[in-house]
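Let's have the full structure, built from the sequences with the hints guiding it.
All the letters of the sequence shown, read from the start, carry residue numbers 38 to 192 under the numbering used here.
It is worth saying that the hints were derived from the structure and are not from the lab.
Hints may be right or wrong, so weigh each one.
Said to hold, decoys possible - Ranges of calculated distance between the beta carbons of each label pair, as one might list FRET restraints:
(1) W69 / R124: 40 to 48 angstroms
(2) F68 / N134: 37 to 45 angstroms
(3) I180 / P84: 23 to 31 angstroms
(4) S92 / F68: 52 to 60 angstroms
(5) D163 / F68: 26 to 34 angstroms
(6) R174 / R73: 21 to 29 angstroms
(7) A148 / W75: 37 to 45 angstroms
Nothing here was measured: the structure is a model prediction, and the numbers come from that model.
We put the beta carbon where it would ideally sit given N, CA and C, even for glycine.
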Amino acid sequence: MIEGPVVRLKSGKHDRVFLDRCFPIGAGDRFWLCARFWVVVALWQAPIVPVTKTSEIRGVWMTNRSASLMHYTTRLDETMANLARHRLNTLYPCVWNRGQTLHPSGVFQRASRTGRSLLAQLPGYDVLSGLVQQGHRQHLRVIPWFEYGLMIPIR
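Written out as C-alpha cells, the structure reads:
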C-alpha cells in the first residue's frame, strides 16, 4: 500500500486524496508531471499518410456541424488522416449552411441581422482554418462548399 500525505479539498471531494496516494510526490513535481502530459496531448497529431498520385478527384463533403464538433476535440487530425488513408484527395467542407458560417466572416456580420454566427460565439472559433491546415498536412485539397446557395434567413 502506498502511503503519503493526504490532502483534502474544502469541497470534501476525494480526487486529491486519490492523486496523493497514486503519485506520492511533491506538489511542484505533480504540476510538472501534469504539464508534460497536457503538452503531449496538445501536440499529438495523427501521422501523415503517404500520398497516392492520381488524376481522379476522390472527395467527400463535410457538414459544418460535424466539422465544428471535431474542431473542439482531438478528432480533426485523425479524421483527415483517415480520409487520406482511404485514398480520398479532396475535402468539401460546408462553410455556409442555414445562415451560419464555418469561419469568422465580416460579410456575414454586415449582412446578418444578428451580426454574428452562432458558432462564432465559441472560443477559438475558426474551424475552417483548422480544416485547411490539417487537410493540407495530409495532402488533401480543401474546396469550400456553400450549401443552399447564399441565402440569408429572414429571422
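For each hint, the structure was consulted:
no. : hint                           : result
1   : W69 / R124: 40 to 48 angstroms : 43 angstroms, holds
2   : F68 / N134: 37 to 45 angstroms : 43 angstroms, holds
3   : I180 / P84: 23 to 31 angstroms : 24 angstroms, holds
4   : S92 / F68: 52 to 60 angstroms  : 54 angstroms, holds
5   : D163 / F68: 26 to 34 angstroms : 31 angstroms, holds
6   : R174 / R73: 21 to 29 angstroms : 24 angstroms, holds
7   : A148 / W75: 37 to 45 angstroms : 40 angstroms, holds
Hint check: no violations occur; every hint is consistent with the structure.
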